[in-house]
Amino acid sequence: MADSDAPLIRLRGIVKTFGEGPTAFQALKGVDLDINAGDFIAVMGPSGSGKSTTMNILGCLDVPTAGAFLFKGVHVEKLERDQRALLRRKYLGFVFQGFNLLARTSALENVELPLLYRGDPKAQRREMAMAALDKVGLKDWWDHTPAELSGGQQQRVAIARAIVTNPDVLLADEPTGNLDSERSVEIMQLLTDLNKTSGITVLMVTHEPDMAAFAHTIVHFKDGLVERIDSNHHAGQAVTG
Amino acid sequence: MFGTTFLLAIRSILRHKLRSILTALGIIIGVAAVVTMVTLGKATTAAVQQQISALGTNILQIRPGQGFGRGGGGPRPPDFKPADVTAIRDQVAGVTAVAPQAQTTATVIYNGANWSTTVNGTTNGYFEVSPWPLIEGRYWTRAEEQAGKAVCIIGTTIQTNLFRGGSAAGSRIRVNGISCDVIGVLKTKGQAGFGGDQDDVVIMPIKQVQRRFTGSTDIRLMLVGTDPAYDSAQIQSSITDLLRERRNITGGKQDDFNIFDTAQISQTLTGTTTLLTQIVAAVAMISLIVGGIGIMNIMLVSVTERTREIGIRLAIGAVASEVLMQFLVEAVVLSMLGGVIGLLIAQFAVALMSWLGSLPFLFDIQINVIAFAISAIIGVVFGYFPARRAASLNPIDALRHE
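Heads up: the protein sequence lines correspond to chains V and X, in order. Each position in the first sequence, counted from 1, maps to that position plus 130 in the numbering used here. Each position in the second sequence, counted from 1, maps to that position plus 425 in the numbering used here.
Hint data in this document are derived by calculation from the structure and do not stem from the laboratory. Check before you lean on any hint, since a few could be wrong.
As the list claims (entries may be wrong) - Stretch by stretch, here's where chain X covers chain V in the computed footprint (C-beta under 8 Å, at least three residues): (1) 189-197; (2) 245-255.
As the list claims (entries may be wrong) - Here are the in silico distance ranges between beta carbons for each label pair: (3) X:L432 <-> V:F155: 15 to 23 Å; (4) X:F788 <-> V:Q227: 53 to 61 Å; (5) X:I435 <-> V:G228: 24 to 32 Å; (6) X:S817 <-> V:F155: 20 to 28 Å; (7) X:P785 <-> V:R234: 23 to 31 Å; (8) V:P152 <-> X:I711: 50 to 58 Å; (9) X:S817 <-> V:P152: 26 to 34 Å; (10) X:S817 <-> V:G228: 34 to 42 Å.
For each residue, glycine too, the CB sits at the ideal point set by N, CA and C.
Bound conformation, chain X alone:
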C-alpha cells in the first residue's frame, strides 16, 4: 500500500510543480538558514581555536602592566629582569620552561635580496615552551646562548625570500647591518595567529638582540611552559606571589604585571562563539517552523481545492486511510524535498561565506542530518491535520463540490 500512496503523492507533486516549489519554499529557506548558520558558527569556533592554539597550549604569557582595558595613568611599570626568568623557572612547581622574549623589526639581507621581518630574541627555553622542529641545521648551544653569539634560526618565509627555498644553514646573512650565521631553519607552521605569518621570523639569542638592537637587558614578555598535570590556576597564583615579592608589591596594592592564559582565552572565546551559534540557530529554527506552517496552509488549501478529486478517489474505492496516507506522504515528500534543496543551498552558502570570511570550509554531517530529519518531522506534524481532513470527507459531498 505504501508503494501506491508514494507513487500517487509523487505524481500529484509533479503535476503541480510551481505550487510544490512554493509550498516547500519555507522549508528550503529554513533548512538552508539553520545549516548555514550552524556550520558557519562551527567554522568560526574552529578558526578561533586554531588561532589560539597557534599561540601554544599550556603556555602562560607574562607582561608588565595591568592587562587589557586597565592600566591608564601612573608611571609605566618596570620590565622584568633576567633574574625573574630564572626565579620563576627554579621556584615555581609545575613550570617546565621559561623563555624571555625581546622583539624588534629588522631588514635581513642575503646576496642582494632583502626582506623586512621580525627578530625574536629568546633562549633555548623558547623551544621547550613550545616545541618547533627544525628542517635543517641545529639549535644554538648553551655556550652560544650565554655569550650572545650572532647566530640565527630562520623561518621558512625567510628561507623562501632570501635563499629561493634552497639550503640556508651555514650561510651568513645581515640583520640590520649585523652579520649573523644561519644555523637552522624551522619547520613551516603556516598562516595563523590573527592573520600573522608565523614563519616570517628570525630567532636569535636574547643577549645578542638586547646588545645590538634594544640596548637594555629588560624583558617585556616571558613565556612560561606549564606541566598539564598541574592546576594552571595554582601555577598562576604561585607566579603572582613570587613576582609581587620580587617587585616589592605589598599589602592591597594591585599587581603591576599580568598573566595571560591561552587555554583560558580559548575557552572563553569558544564559549562565546558557541553561544552566538546557538542563538542564531534558534532564530533559524523558528523560520523552519514557520516553513512547516506554510506547508500546512498550502496543504489545507490543496485539500479544499482538490475536494472533488478526493471524492473521485473515495468513489472508486480508496479507503480513508489511503487518502490520509496520500496527503501525508505528499506533505512529507514535499518537506523532505525542501530539506534536500535547502541542504544543497546551504553548502553553497557556506562555501561562499567561508571564502568571503576566510574561514575553513566545513561540512558538518550532524547538523545536516538533524536539519533533514526536522524537515521530515515537520512534514508529518503539519501534514497530518490537512490529511485527516481530506480522509474524513464524505464522498457524496466531495463529488458535488464545485
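The following block holds chain V by itself, in its conformation from the complex:
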C-alpha cells in the first residue's frame, strides 16, 4: 500500500504536549519533516527546542499527541506499545550519549542482545555479532566488559549493537557527547562509513557544529518547530579540510 515515491519517514503536523490543564507544556507545535532512505541527518537546536522529543517519536519510543508519523507508509502514531517495540526491533538501531551497554557483560553479549530478542539461533548470533564488532574495528575485544573498554571503544560496541540487526535507521542521541574530540571524529567517521557503505539512514542529535558537519543535512529546531533545514555539500570535509 505504501507509496513508492514516499520518503522513508514522514512527519506531518506533529504536536506533543506533556501534562494536562494549566501546567501542560507543548514541546512540539506542529513539526513537518521528510527523511529519505540513505540520508545522514544532524538535528541541532538549543535545549528545550524539541529535538529530543522529536527523536523519541522518530525512535518509536513515544507517540505524538497529534499529527501523523509515517514510517515505511505505516502510521506509527496508531500502533500499540508492543507493535512499536517490534518496529524498533526490526528497523531501528539506537546509539546513546551514555553508551548504555550492559555492565559486567562482554562486548559480544552486548552486541548479541537484539538478536536474542529476535530469536536467532546461537551460531547465527555469534557470527552476526562478530561481524558487527569487526565493522567497528573491535573484533579482538569481543570478550571485554564495558569496564575494560575506553569510552570510544564502548561507543563502538554500542554502534555494533545498533547495526547488528541491519536496521534501516540508526538513531544517535549525541553519540560524541561523552568523548574527546579525537574519539569523536573517529565515531563520526564510523557513522559516515556505515551510511555510505551499508546505506543505513542516520539520524543524529548533536550540539557540536563540528560533528553536525559530517551530515548531509542539518535540521535546526527552535521552540518546538523546525526552524530551517540546511544542506551540507561539504559533508565529511569539516575536519580533513
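Given the coordinates of chain V, assemble chain X onto it according to the supplied hints.
Showing chain X alone in chain V's frame:
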C-alpha cells in the same frame, strides 16, 4: 521465546552471584528448615512406632496396681495367681493366649565365660502371644513346662557371648548356680524397645524360675494375646470384670490392676509426634514465606537498580511481556535454586541429626517434592509484582534514569 528469557535470566543471575545467593538465602533456609523438621518428625514417629511394635501388636499387658501416675499410698495390691491366667484364657472371648511372666536377673556361665542377663520365666503361651521363631533346637514340651524342668531357650546375644556364636542347643549352662539344659536359640530380633537388647534374654519355664529364683507362685505380669477380629476395648472390659470378681473388688471401688494396650499407646504417641511435627513444619513454613518476601524485596531493588538496563532492552525492541518474563523467570530460577540448595542442606542436616539422635535416616520424597514446589510457587507469586513493575517502565524515562 521461553528459551531466550530463560537464557537472559540465567545470565543475569550468574552476573550477580553474591546478590543471587543472598536473595535465595531466605528460601534456602526456609526449605532446609521445613524438610529437616518434617523428616526428623517422621523419623521420630517411625522410631516410636518401631519401639512400640517391638512390644508386640495385639497384646495387652496386665499388672497389679493402678497404672501410671496413680497408686501412691495404701497397701500394695496382691499379685496374680496362676489360676487367674487360666481363667482369662478360658473365660474371655477373643483371647488367643495368656502368658504369665516372672523376671529376674542372673549371671549365666558356660565353659568359663560368664554374662549378666535377664531370666524370663513364662509358659509356652508366651510364644503364642508374640511368635518368636527358633534358629536352633526346640521349644519346651507341655510336660517340661508342667514339671518346671531346668531347660532354657536363649537369645542370640547369649549365644554370641557364651558360645562365640557356635551351636548352643544340647549344651548345659549355669544360671545363678543352677544347671540348665539349653534346648533352643531364638532368632535375632535386634535393638529396640527403648534402648533394650531384646536378644539378651534367657527364657525358662515359669515354675522353674519361681521355685529356684523368686520363691513364690505370684505373677507380676500377664501378657494377653488378642484376636484382631475382636474389639480390643470389649476384651479389656471383659478381663476387667473377670479380675474384679476374682479379686473381690465390689461396688464403686477402683481397680487394683491395670491393663496396658500397646496399640493404644502406639496411637497416642504417634498422634503426639505427628502433631508436634505439624506445628514445627508450620513455623518453618512461615520462614519460607519470609524468604519469599526477601526475594520480592531484592527483586524490587533490582528492578530499580536496573532501570537503565530495562530501558536499553525496551529500546532495542524487547516487548513488555519479554521483560516481565525475564524478571519472573529470574525470580523463579532464583527461588528454585534456593530450593535445591535448601534440599541438599536438609539431607545433610537430617543425616547429622538422625545420627546424633540415633534415629533412622529417612528420605521422605513427599516433603522434598512439596518443599521444592512451594519454593517455585513463591518465586512466581513474589516475583510477579517486581516483574510487572519492570515491564511497565517507560523506555524514555528508564533510559534517562541515573
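Against the structure, the hints come out as follows:
1. 189-197: Contact hint for the region 189-197 of chain V vs chain X: holds, 3 residues under 8 Å.
2. 245-255: holds (count 4)
3. X:L432 <-> V:F155: 15 to 23 Å: The hinted range 15 to 23 Å is violated for L432 of chain X and F155 of chain V, with Cβ atoms some 42 Å apart.
4. X:F788 <-> V:Q227: 53 to 61 Å: Distance hint for F788 of chain X, Q227 of chain V holds at roughly 58 Å.
5. X:I435 <-> V:G228: 24 to 32 Å: 27 Å, holds
6. X:S817 <-> V:F155: 20 to 28 Å: 24 Å, holds
7. X:P785 <-> V:R234: 23 to 31 Å: 48 Å, violated
8. V:P152 <-> X:I711: 50 to 58 Å: With a Cβ separation near 52 Å, P152 of chain V and I711 of chain X satisfy 50 to 58 Å, so the hint holds.
9. X:S817 <-> V:P152: 26 to 34 Å: 28 Å, holds
10. X:S817 <-> V:G228: 34 to 42 Å: 23 Å, violated
Going down the numbered hints, you'll see the structure goes against 3, 7 and 10, while the others check out.
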